[in-house]
Amino acid sequence: MGKKNVLTLLVVISILFSFSSMPVLAEDVIKLGAYLPMTGSVAAYGDMEWSGIQIAKEMEPEVLGKKVEVMLVDTKSDKIEAANAVTLLVEKEKVVGVLGEAISGNTMAGNPISEAAKIPSVSPTATNPLVNQGKNYAFRACFIDPFQGEVAARFARSELKAQTAAVIIDIAQDYCVGLGNFFVKEFVKQGGKIVSTTYIQTGDQDFSAQLSAVQSTKPDIIYAPNYYTEDALMAKQARDLGINQPILTGDGAQADALIEIGGASVENMYFTAHFHKQAASTDRAKEYIKRYEEKYKKDADAFGALGADAYFLLVDAIKRAGSTDGTKVRDALAATKDFKGVSGTLTMGENGNPIKSMVINKVENGKFVYVTTINP
Amino acid sequence: MTSTIFLQQLINGISLGSLYGLVAVGYTMVYGILRLINFAHGDLLMFAAYVAIYATTLSALPWFLSFPLAIIVTGVLGIVLDRAAYKPLRNAPRISLLISAIGASFLLENLALVFIGGVPRAFPRPEVFDKVISLFGLRIQVLTLYTPIVTLVLLFGLLYIVFRTKVGKAMRAASKDFETTRLMGINLDRIISITFLLGSMLAAAGGIMWAMKYPQVNPFMGVFPGLKAFIAAVLGGIGNITGAVLGGFLLGLGEILIVAFVPELAQYRDAFAFVILILVLLFRPTGIMGEPIIDKS
Numbered sequence: 077m078g079k080k081n082v083l084t085l086l087v088v089i090s091i092l093f094s095f096s097s098m099p100v101l102a103e104d105v106i107k108l109g110a111y112l113p114m115t116g117s118v119a120a121y122g123d124m125e126w127s128g129i130q131i132a133k134e135m136e137p138e139v140l141g142k143k144v145e146v147m148l149v150d151t152k153s154d155k156i157e158a159a160n161a162v163t164l165l166v167e168k169e170k171v172v173g174v175l176g177e178a179i180s181g182n183t184m185a186g187n188p189i190s191e192a193a194k195i196p197s198v199s200p201t202a203t204n205p206l207v208n209q210g211k212n213y214a215f216r217a218c219f220i221d222p223f224q225g226e227v228a229a230r231f232a233r234s235e236l237k238a239q240t241a242a243v244i245i246d247i248a249q250d251y252c253v254g255l256g257n258f259f260v261k262e263f264v265k266q267g268g269k270i271v272s273t274t275y276i277q278t279g280d281q282d283f284s285a286q287l288s289a290v291q292s293t294k295p296d297i298i299y300a301p302n303y304y305t306e307d308a309l310m311a312k313q314a315r316d317l318g319i320n321q322p323i324l325t326g327d328g329a330q331a332d333a334l335i336e337i338g339g340a341s342v343e344n345m346y347f348t349a350h351f352h353k354q355a356a357s358t359d360r361a362k363e364y365i366k367r368y369e370e371k372y373k374k375d376a377d378a379f380g381a382l383g384a385d386a387y388f389l390l391v392d393a394i395k396r397a398g399s400t401d402g403t404k405v406r407d408a409l410a411a412t413k414d415f416k417g418v419s420g421t422l423t424m425g426e427n428g429n430p431i432k433s434m435v436i437n438k439v440e441n442g443k444f445v446y447v448t449t450i451n452p
Numbered sequence: 018m019t020s021t022i023f024l025q026q027l028i029n030g031i032s033l034g035s036l037y038g039l040v041a042v043g044y045t046m047v048y049g050i051l052r053l054i055n056f057a058h059g060d061l062l063m064f065a066a067y068v069a070i071y072a073t074t075l076s077a078l079p080w081f082l083s084f085p086l087a088i089i090v091t092g093v094l095g096i097v098l099d100r101a102a103y104k105p106l107r108n109a110p111r112i113s114l115l116i117s118a119i120g121a122s123f124l125l126e127n128l129a130l131v132f133i134g135g136v137p138r139a140f141p142r143p144e145v146f147d148k149v150i151s152l153f154g155l156r157i158q159v160l161t162l163y164t165p166i167v168t169l170v171l172l173f174g175l176l177y178i179v180f181r182t183k184v185g186k187a188m189r190a191a192s193k194d195f196e197t198t199r200l201m202g203i204n205l206d207r208i209i210s211i212t213f214l215l216g217s218m219l220a221a222a223g224g225i226m227w228a229m230k231y232p233q234v235n236p237f238m239g240v241f242p243g244l245k246a247f248i249a250a251v252l253g254g255i256g257n258i259t260g261a262v263l264g265g266f267l268l269g270l271g272e273i274l275i276v277a278f279v280p281e282l283a284q285y286r287d288a289f290a291f292v293i294l295i296l297v298l299l300f301r302p303t304g305i306m307g308e309p310i311i312d313k314s
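First to last, the protein sequences are chains W and H.
Using the numbering used here, read the first sequence as starting at 77 and increasing by one per residue.
Using the numbering used here, read the second sequence as starting at 18 and increasing by one per residue.
For the record, the hints were derived by calculation from the structure and aren't laboratory data.
Model, not experiment: these values are computed from the prediction.
Some hints here could point you the wrong way.
[As the list claims (entries may be wrong)] Distance windows between CB atoms, simulated: (1) I112(H) - D401(W): 51 to 61 Å; (2) V131(H) - D104(W): 24 to 34 Å; (3) R52(H) - D104(W): 56 to 66 Å; (4) K374(W) - L128(H): 52 to 62 Å; (5) S234(W) - I305(H): 49 to 59 Å; (6) V159(H) - K261(W): 34 to 44 Å.
Glycine included, C-beta positions come from ideal geometry on N, C-alpha and C.
Please put together the full structure from these sequences, using the hints given.
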């Protein structure tokens, strides 16, 4: 092949490529992006939320007369990958709305990018208050941690009758640090005493040193608001070391992997949560649970429900805005009122933080069991 | 800190350290013979854990059959790994081997990711290991007792093979000089295969012990033990088998005691391991039991 032919070929190829990247399809579909942890330390969350989003899409496949398409990018449970994922979705895929991330730290890495592009985002489960602070285009489908920590502290005092508590915090996660602080504040205010505060780190597998130190302070309960992997490993090692006090944690516990890994050690673990199918009341929730269980042959979980709600919220806002314009959708999201989602009835409050109720669940006989509902 | 808590922490440290030591032995052995830092060692550990899970849950084999099966399968994978990734590079510069090892490591991790998925799985810990012994207010899990024993038994077994058998003699010869060993009529490829077989089986034993202690198995579970074992091996004197076990014990004890005495530093325990690595490389590059470096050329 001569030099000229090569050049011609290159020109033809580049023309073809520029055609393929032109927004030919954009007329026919409404493109949303999802960035979720499909691998890594919190992969179970991404897995569950993506399952939920797919059911939600089955239930409402169209908006404004066009098909909705959701493009998924894996964040590998990592902050930097999360930021890259949003850049890819916003700049290359030209999505009109973003779903994700599952955890607070990663959402805090992703939000500034969609914010700068004026693309509305809805995180299913990032509960740290800082996630949406100072943001105009960032929303979430879940309650926030001050409420969660407060409820946990009140529950520890009144139901578990705890005078003293030991707190074990995953220092690498904004979620865990924040939730730990909100719990401590409320627990002390309610007359309780914190006897020890120890730190672990995401990815650690050995907590025996920290646990032996906790044991020497003989707390009434252990508050460990960490993610399911650390929760499960820690509970197992705690029981092995003879620490039998009740363990209380946050919404990060509600993944099947917790029970699968923790086994008998996580029995009677209490946690504040977004959803339990026994407490589901809306029609949307009933339909969702039916479809979910038909498709996946397992109980509908909290993270799936929240993933679905994030999708429904965004699609509902696009419908009410009558457009995919970022600012109009943002205004519609902010004006969401009495929205009947899968995880309950939701009204968008300040800073894109919904006002909604919370449930308390516990692990019993290897299953997540509903304990009570607490309203804001 | 009361003496009971101190003893408990000591036990915690020995338990963790013997795991590091177990993984480090295989690491250091392959290095000792081939001068190859086998970065895929940790991933063999992950592979063994998955084989053990599938053998136990899918085919319902009892653990005393499925665990040895996992160890043998992993040993065979070790030989395959050598044939595919290292043998073609036998005469290439050492850096090419290192890069090939990193590539093999990524390949194994990502194959596991594609075929098994990223969500962690539980490891079926046999009930025999679940028992807890209470002694003078100390709580010792049976598994914690077995790990150092397994580590020491395998260490002495390996020492026996390397220093008392013909194959071991050939291995030691190969570690000094490939060409001369070959000239002496020794089938070098066979010796290297046996080295990989043993090294990988040790990784598998480590993987199973690891997964029993921390029953959360995912495609990247080998990365961390692999790194820690590497540090333990360097600390003990890379290439030295007894040194690897010693290095593992010291690293495990150090990590636990730093958390025990200075709880505020808990989040820096990995940094502690790397600081040790840097200090060793600076002040005693051959490690605690390492021989002085002799230039082979």
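Quick rundown of the hints versus the structure:
1. I112(H) - D401(W): 51 to 61 Å: holds (55 Å)
2. V131(H) - D104(W): 24 to 34 Å: At roughly 31 Å between Cβ atoms, D104(W) and V131(H) fall inside 24 to 34 Å, so the hint holds.
3. R52(H) - D104(W): 56 to 66 Å: This hint holds: roughly 60 Å between Cβ atoms.
4. K374(W) - L128(H): 52 to 62 Å: Taking Cβ atoms as reference, K374(W) and L128(H) lie about 27 Å apart, which means the hint is violated.
5. S234(W) - I305(H): 49 to 59 Å: holds (56 Å)
6. V159(H) - K261(W): 34 to 44 Å: About 41 Å separates the Cβ atoms of V159(H) and K261(W), which means 34 to 44 Å holds.
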